[in-house]
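Build out the structure end to end from the sequences listed, making use of the hints.
Protein chains in written order, with this note's numbering: chain A, 2 to 451; chain B, 2 to 451.
These are calculated hints, taken from the structure and not from any lab test.
Don't take every hint at face value.
The list makes no distinction among identical chains, and a pair is therefore deemed to hold if it is satisfied within one copy or across any two copies.
As the list claims (entries may be wrong) - Below 16 Å or equal to it, Euclidean Cα-Cα: the simulated EDC-like pairs (lysine to aspartate or glutamate) are:
1) K319 - E417
2) K373 - E397
3) K319 - D26
4) K168 - E139
5) K319 - D418
6) K25 - E443
7) K25 - D444
8) K79 - E374
It should be emphasised that the depicted structure is a prediction, and the values quoted were computed from it without experimental measurement.
2 protein chains.
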Amino acid sequence: MAKKIIVIGSGAAGMTAASTARSKDPECDITVFTQDEDVAYSPCAIPWGIEGKSKWTEIVMHEPEFYKKERGIKVLTKTTVESVDDAAKTVTANGKAYTYDSLIIATGGKVFIPPIEGTGLNNVFIVRTVRDGKNIQETLKTAKSVVIGGAGVIGLELAVSLRNMGKDVVVIEMMNQVIPRIADKDMADNIQAHLEEMGIKFVMRSPIQSVNGTDKVESVTADGKTYPCDIMIFATGVRANLDIPKALGFDIGQLGALIVSPTLQPYKRGRLVPDIYVAGDLVQCESAIMNGATMSQLGSTAVKQGAIAGNNAVCGEKRIFGPVASPWVSFIGEKQIAGTGLSQGLASWYGIDVVEGKAVGLTRARYYPGGKELIVKVLAEKKSHRIIGAQIIAGEEATGRIDWLTSAAINGTTAEDFLIRSENAYCPPTSMVKDVVISAVEDLCRNLAQ
Amino acid sequence: MAKKIIVIGSGAAGMTAASTARSKDPECDITVFTQDEDVAYSPCAIPWGIEGKSKWTEIVMHEPEFYKKERGIKVLTKTTVESVDDAAKTVTANGKAYTYDSLIIATGGKVFIPPIEGTGLNNVFIVRTVRDGKNIQETLKTAKSVVIGGAGVIGLELAVSLRNMGKDVVVIEMMNQVIPRIADKDMADNIQAHLEEMGIKFVMRSPIQSVNGTDKVESVTADGKTYPCDIMIFATGVRANLDIPKALGFDIGQLGALIVSPTLQPYKRGRLVPDIYVAGDLVQCESAIMNGATMSQLGSTAVKQGAIAGNNAVCGEKRIFGPVASPWVSFIGEKQIAGTGLSQGLASWYGIDVVEGKAVGLTRARYYPGGKELIVKVLAEKKSHRIIGAQIIAGEEATGRIDWLTSAAINGTTAEDFLIRSENAYCPPTSMVKDVVISAVEDLCRNLAQ
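Here's what the structure looks like:
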């Protein structure tokens with residue numbers, strides 16, 4: 002009899018899991034439950050959707066009809082799963098119980114909204130779904146001033162999009178730098194200065210205290226000062242959505258996310274749960290850099306986990322999800338900023354002494370037109386000389402370089418070994434003869450030798 | 002007393018060696034001898050110089066005066082070294098003997114010109130020095146049709162530059178594909194088709210038999226057919242310039258280049274030569290992919306070797322030049338093509354059975370405007386599943402990706418391990434959520450499993 006696969010969640014993790022399950026088993030019966038009205042889009046796309054750079058119809062990759070016709074996957078949108086019974090192996094939605102052989106939980110994350118007054122007012126938004134994006138876009142037609150809560154990458158990308166649309170934009174951030182936690186302050190300050198040049202205003206070290214207004218938002222108060230606005234958008238980070246795992250009594254880790262085996266199965270009081278797999282923002286990962294737990298709430302991680310969960314749900318063969326360095330990249334104004342592994346802040350959280358190396362150069366040979374500034378920073382553990390993280394700011398071509406450094410960090414390469422065992426491709430239109438990545442590691446080696 | 006360092010050769014290897022020696026020892030006496038009239042330029046720049054995209058004054062990084070004033074390095078241009086006496090430790094030039102404590106030989110390569118008739122005619126050029134470039138540029142003012150001998154990367158870059166200048170360009174190649182040896186035929190054919198669309202003509206499988214004319218070139222004969230032209234340019238590859246090493250009786254390797262130790266010292270009848278170091282196109286390297294000799298006549302390699310030779314010439318500490326994967330990249334028309342490690346052809350030369358994986362995607366999320374095609378091909382050794390090479394064609398952002406795959410190849414990573422231990426940074430304007438590199442390795446793993 003055909004195996005029954007149920008997926009809860011229609012984001013990158015859930016839909017990748019469903020499609021992978023189909024590709025591995027042409028016979029199985031696959032049903033996806035989602036509260037959302039759209040499926041298989043990238044939340045990372047929403048700032049570009051609001052600005053109109055990308056079309057909503059293109060951001061939503063496929064309609065439910067496509068999945069039904071082309072892949073034999075049933076997608077039930079706007080459908081809330083009421084309960085899961087892992088003993089009876091059923092999922093209940095709309096009062097009806099559906100049985101499964103394998104269940105994939107990919108319920109993602111919830112935007113964290115601080116517990117303050119006024120967050121329920123009209124024109125207060127989060128940025129998570131295409132519906133959120135469309136609502137913001139509609140409201141912007143009659144709005145001039147926007148407060149964005151949170152200076153993470155989504156907050157900053159959104160700030161640029163709204164500024165490009167001619168809005169007055171104020172970003173309010175609790176910490177003393179933009180892109181806190183994953184970027185170092187020197188790199189973050191470079192990006193902040195770039196955004197300030199575009200006319201975006203920043204209010205730093207200021208926790209938001211209240212959202213004010215009668216019917217709709219009129220202002221936001223942070224650190225005792227009040228900032229008038231027509232729209233308020235929370236881009237304050239994402240927490241694992243644990244409603245279903247908690248109801249099932251699954252083990253929750255020290256970072257507030259679901260503990261999983263390398264095969265992406267959850268645990269219940271220390272014992273592996275059979276026939277259930279998880280993927281995406283609700284999963285607690287293992288760090289590839291240091292022994293220990295870490296979060297990796299990235300679209301790229303969701304897709305990778307979704308493929309493994311989907312495979313393992315239908316196959317005897319169990320694929321393994323490895324530890325993560327969590328490389329990230331963002332395009333903010335005219336600059337790309339990318340990072341991997343540990344920042345100074347994360348290293349200090351892990352209790353590691355760090356030595357850094359830095360180099361500034363160009364993305365092309367100095368005599369070839371159009372070259373853009375390229376800043377590379379590399380961090381090593383002082384004790385072992387292992388490369389544990391890196392960050393790049395560049396006008397172009399940051400992504401491949403950070404993936405390169407990610408490999409070095411995941412493989413435990415020392416700075417000295419990196420210099421011996423790395424080469425860079427060169428031609429005048431695409432790099433300097435000695436790539437800035439190499440120069441940064443040379444600087445790191447000099448600093449380690451001191 | 003200040004140490005005396007002599008460098009022969011003023012290319013990327015020689016000038017990097019001289020500058021590195023200076024940075025390591027502020028006191029030493031450094032003299033560079035060069036036959037050339039310009040110093041420290043990148044031969045890779047010449048196609049862009051001819052087209053006018055880059056200025057000759059910018060391609061030549063520094064004048065001899067700069068080295069004298071700013072770095073205390075004497076550069077004797079247009080000066081031929083007549084002999085070296087490695088027992089007396091002297092170099093003779095212009096009839097005068099100069100003593101050295103350490104000598105660095107960085108005499109580079111010579112463009113290979115086939116031993117046929119007519120290569121001495123006027124308007125027959127090679128592409129090696131800025132002087133060559135300027136001469137070609139001057140002659141092009143009154144020339145319409147050009148034959149380029151050799152479809153390697155320099156030949157193709159030059160073909161595009163000349164086509165952009167409105168010339169009729171015919172490229173004649175002995176092998177059955179462009180970029181022979183280092184690119185696979187499927188990737189090469191993609192680039193050739195792109196150039197043919199630009200109006201560049203190709204004559205394949207046709208060794209050049211004669212260059213014809215009375216005073217200046219009028220036509221070129223290849224494989225029995227004759228192609229009229231106003232200019233003929235040989236871009237037929239580079240051979241190690243071994244005049245000095247041969248005169249000194251140094252050991253020459255099986256690839257016709259100088260055998261060196263990891264510290265970049267030559268051998269004489271099997272014994273390491275003290276106080277002499279070499280760097281650049283005349284050096285035979287060790288392959289990082291297979292045990293065995295290989296050539297790495299790249300600007301990036303020359304700079305890396307120059308720094309090590311310069312360091313070792315003045316320091317007690319001896320740095321090591323590691324085995325090479327020789328990543329390369331070229332910007333040809335609107336496409337970048339890059340490669341690393343072994344191609345199918347080189348793998349077959351080493352006697353390795355190969356399995357390949359390939360994926361086609363975009364450089365950006367499919368809904369983000371401006372994304373360009375990205376083709377990634379990865380080769381693994383069938384027996385060990387080790388990644389041994391890769392090639393990329395992309396409208397943008399090939400360089401960092403090939404450096405990433407270079408790390409994998411140098412570190413002996415298997416295809417399966419790459420999937421577990423690699424992650425890619427993602428944001429819609431700079432990559433797909435699953436990078437095409439990862440998709441290509443997935444395809445490789447599927448093919449290896451069959």
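Now the hints, each set against the structure:
no.	hint	result
1	K319 - E417	between (37 Å within a copy, 14 Å between copies)
2	K373 - E397	both (7 Å within a copy, 14 Å between copies)
3	K319 - D26	within (14 Å within a copy, 58 Å between copies)
4	K168 - E139	within (14 Å within a copy, 54 Å between copies)
5	K319 - D418	between (34 Å within a copy, 15 Å between copies)
6	K25 - E443	between (46 Å within a copy, 14 Å between copies)
7	K25 - D444	between (48 Å within a copy, 14 Å between copies)
8	K79 - E374	neither (46 Å within a copy, 36 Å between copies)
Figure legend: structure checked against the earlier numbered hints; the only hint not met is number 8.
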